[in-house]
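Both chains come to you apart, so use the hints to assemble them.
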Amino acid sequence: MQITLNINREECPLDLDPRTTLLDALRNHLGQCGTKKGCDHGQCGACTVIVNGRRINSCLTLACMHEGDEITTIEGLGAPGALSALQGAFVRYDGFQCGYCTSGQICSATAMLDELREGWPSHVTKDLTGEAALSDAEIAERMSGNLCRCSAYPNIVAAIREVAEGEG
Amino acid sequence: MKPFDYIRAGDASEAVDAAADGATIIAGGTNLLDLMKHEVMAPGRLVDITRLDLKRIEDMDGGLRIGALVTNSDLAADMRVRRSWPALAQALLAGASGQLRNKASTGGNLLQRTRCYYFYDTAMPCNKRAPGSGCGAIGGATRLHAILGGSDACIATHPSDMAVGLTMLGAEVEIMGQGGATRRVPLTEFYRLPGDTPHIETVLEPGELITAVILPPPAAGAQTYRKVRDRASYAFALVSVAARLRLEEGRIAEAALAFGGIAPRPWRDAAAEELLCGEQPSEALFVRAADTLLQGAEAQEGNAFKIPLLRRTLTATLSQLWKESSQ
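Going line by line, the protein sequences match chains A and B. Numbered per the UniProt record's numbering, the first sequence spans residues 1 to 168. Numbered per the UniProt record's numbering, the second sequence spans residues 1 to 327.
Hints are computed from structural coordinates only; laboratory data are not their basis. Note that the coordinates shown come from a computational prediction; the quantities given were computed from them, not determined experimentally. Backbone N, C-alpha and C fix where the C-beta goes; we use that ideal spot for every residue, glycine too. Misleading hints may appear alongside valid ones.
[Claimed, not checked] Chain B is nowhere near these chain A residues, computed Cβ spacing over 12 Å in every case:
no., residue
1, T4
2, C47
3, E70
4, L77
5, L83
6, S84
7, R92
8, Q97
9, Y100
10, S151
[As the list claims (entries may be wrong)] The calculated BS3-like cross-link candidates involving lysine-lysine, where the alpha carbons are at most 30 Å apart (straight line), are:
no., chain 1, residue 1, chain 2, residue 2
11, A, K126, B, K55
12, B, K37, B, K2
13, B, K37, A, K37
14, A, K37, B, K2
15, B, K2, A, K126
16, B, K37, B, K55
[As the list claims (entries may be wrong)] Beta-carbon label-pair distances, calculated as ranges:
no., chain 1, residue 1, chain 2, residue 2, range
17, B, G296, A, R92, 43 to 49 Å
18, B, G302, A, R149, 39 to 45 Å
19, B, S13, A, R117, 36 to 42 Å
20, A, G166, B, R192, 51 to 57 Å
21, A, D127, B, E39, 44 to 50 Å
Bound conformation, chain B alone (with noise of 0.2 Å):
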């Protein structure tokens, strides 16, 4: 590890000053000292922003007010989250160890990194670690890899389970710059496609804080989340599906759908969500949605296996909600 100043932030106005003026923002850490062990990251400064007053849920004009530095265990540990966004509860707990979930914290998790394993390998080449050298990705190994929103200059996947959790249930992050002026971003915005500058993955500006994720009041029907990886437990996402369906009279009045595993940030389409409102529910209905989302999805050899298996996936978490919605 390369050697780093550290300072301890008392608050957040301190935290954005250092960070605007160079200085990495260390919460958990789980990510951040992985990656700079490894040296694929190497801050001259790290602010440890873990003493700041940010660690409290509270309830928000009937959604919930998620205060940045509140552990991945004591969100999906919440009752309210449980009972009103089971789907985040979910996506949490598939996420990472029971240790790791200890640490993490609720804004380091959306900015946590690829698990890309050229992105790892410093010897490799890698558009996101070294702009303009190359992607070692693409034409390699690329189980882990994207079939939508890559780019020719990289095919990196986002690997949070909880940021495509909060995607599915509109939840918006609350950025704090210098000043302390705040600004609302939904997640759907929050993270940029690769293109050619895959370096750069959020809007967020240097020198910004996350100080919340914002989740809106609980909507109505029945929703989950399901991930499909190569082990049981403790292994990221090959592909993961956050849904929620509401039924009217035998029809789907509302659908809600965002994934993981697939693309650089976490997925949705809006057609596909469109495509199945109005119409009675049906397994055909439900693999047309996926066809419709699996437009213009690039495999490579790797990662060919994701498109019938996100088909899959999707259809059969929509036909557990059906199943649910119906009882």
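This is chain A alone, in the form it adopts within the complex (with noise of 0.2 Å):
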């Protein structure tokens, strides 16, 4: 079928089986390659991309149910010589050992700021109505959808800290 995807801000046309997900549609069809293909089955985090704003596993989605939808991958959000916020930080902490889960990370922790500005609470917020304080609790909790087989979380719980941080 013919579909048109918006990625990163740009139309892009494409003539897909129905059964591709949104992760092929990227990796195998638009040569985007940033996104990673760990588990393809929403238990690892690695496919993790932001879709009208919120980040979703692109491996458990079908790419033609996404016509019309921004979404935005790790190629996206910065680039060599113009990193993201949280894409230098993971280079200062040393965020990563083998880098596979990484724009899953850095994709997954950019929304996730986003849901913390929101004020959304999660399953280790002590007072539902009031304010997440940011305590490595609540960024491994709220992370916890992205796993790092090297075990690189204490420095990626860093990265993150000190990008939240920088911002309040």
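What follows is the structure in structure tokens.
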């Protein structure tokens, strides 16, 4: 089927089998390989992209369901020489080892900080109607959909905390 | 994944017509697409309902009407829910991950399928996936499985946290059929026990669409949702409890309980609630309520731990609410 996707503010016409996930459309049909395929079942978060401002697993959604949506991938957040705040912080804090989960971590953290700004509570928020304090426990809970098999978690948390505090 | 035709519904009647004609409804898709990748489900046609106008949370008769397409994230973040139905917000936030909650819908969460390993593994028998083929779980690995409400054909659990919170709160499901007429079914009557037909999980008829979930007005007292799982985040419940207690002059005037991780549907037991009412709260009383609930529990080797775990989880949850109510 013929569809057009808006990816990183660019209209991308595609001719796809309806079975194509958003992840496969990005990687296999558009050559945008920043978004990674880890488990392909929504368990690891490596494929996280931002759709209409919200982070989702691109492996668990069909490309054809996203006509008219604004899709942002890691390529749309920054570029060498013009890194986003989180991209820069991940480099400074060494927030990775092999790097395979990193684009998913950064897309997820980017949208997670927006959720925090909007006052969304999490499972570890003590007062559901109050403001969530940005503790390491809050960051870990909110990022639990992104696995890092190298276990760079302490540095990932530190990178995210620096960006969040820099804003506050 | 098996090939399928994809259609996008422009309105609800198109969706119910397509569903009556055999199409499978897709909304968030987080569970359905996973099952399609495993070829546990292989629909020939998908009808996409995500463009329908079912995304609002509206005040209604002192309660809320939650559109079927409201995401788990938006529902958990709604200040009315956080303030007046906190056990529901807690249940939602205890489920899945941030990414999945952003996609998962209210209607789809209710209809998600069990995470029984044998249901997912197409090389194994499963009466739910392939009626009549047998049950791989009975005598197999049963860490996630039911101790109440199961049958010789199936001991799979319902995996939703949200549904446990909604059951405790007395929610109803609004269902639209062909022709546009709607009916309401209390969540306590929405799920069917497996019996010898574990493949039929709800009272939904072919061609019916969940359009909303109705929350009754906020009830007095303290309420909470407590979930016990194998890791601190992003795991299904081994045992969970949604509970509300209202105390009056030192005695329990009202108790509402629902349980997850232990049964084929969010589990409610009127006898356990009645046992609490009119009594002075105490740990001994809470243990008696748990024992009432657990009468008739049937465990396998792999899930026998749930009997003491449920007793302790219920006792701890009620003790917490008792303490909050006495402050």
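query: A:L83 clear of chain B by more than 12 Å, beta carbon to beta carbon?
result: Its Cβ never comes within 12 Å of chain B, the nearest being 23 Å, so this holds.
- request: Grab the minimum beta-carbon distance between A:T4 and chain B and tell me whether it stays above 12 Å.
  value: Correct as stated: the minimum Cβ-Cβ distance to chain B is 14 Å, above 12 Å.
Whether A:Q97 stays farther than 12 Å from all C-beta atoms of chain B, as the label says: holds, 21 Å
field: Least C-beta distance between A:R92 and chain B, which was stated to exceed 12 Å
entry: With a cut-off of 12 Å, A:R92 remains clear of chain B, as the shortest Cβ separation is near 24 Å.
query: Is the Cβ of A:L77 more than 12 Å away from each Cβ in chain B?
result: holds, 16 Å
task: Could you check the hint for me, namely that A:G166 and B:R192 are 51 to 57 Å apart, CB to CB?
output: holds, 53 Å
39 to 45 Å as the expected CB spacing between A:R149 and B:G302, which holds or is violated: Distance hint for B:G302, A:R149 is violated at roughly 27 Å.
task: Find the nearest Cβ of chain B to the Cβ of A:S151 and say whether that gap is larger than 12 Å.
output: holds, 14 Å
field: Least C-beta distance from A:E70 to chain B larger than 12 Å
entry: The claim holds: A:E70 sits with its nearest Cβ about 14 Å from chain B, beyond 12 Å.
- prompt: Within a Cα-Cα threshold of 30 Å, do B:K37 and A:K37 meet the stated pairing?
  reply: holds, 14 Å
message: With the threshold set at 30 Å, check whether the alpha-carbon distance from B:K2 to A:K126 stays at or below it.
response: It is violated: about 45 Å lies between the C-alpha atoms, which goes past 30 Å.
query: Is the Cβ of A:C47 farther than 12 Å from every Cβ of chain B?
result: violated, 9 Å
Checked against the numbered hints given earlier, this structure breaks hints 2, 15, 17 and 18; the rest are met.
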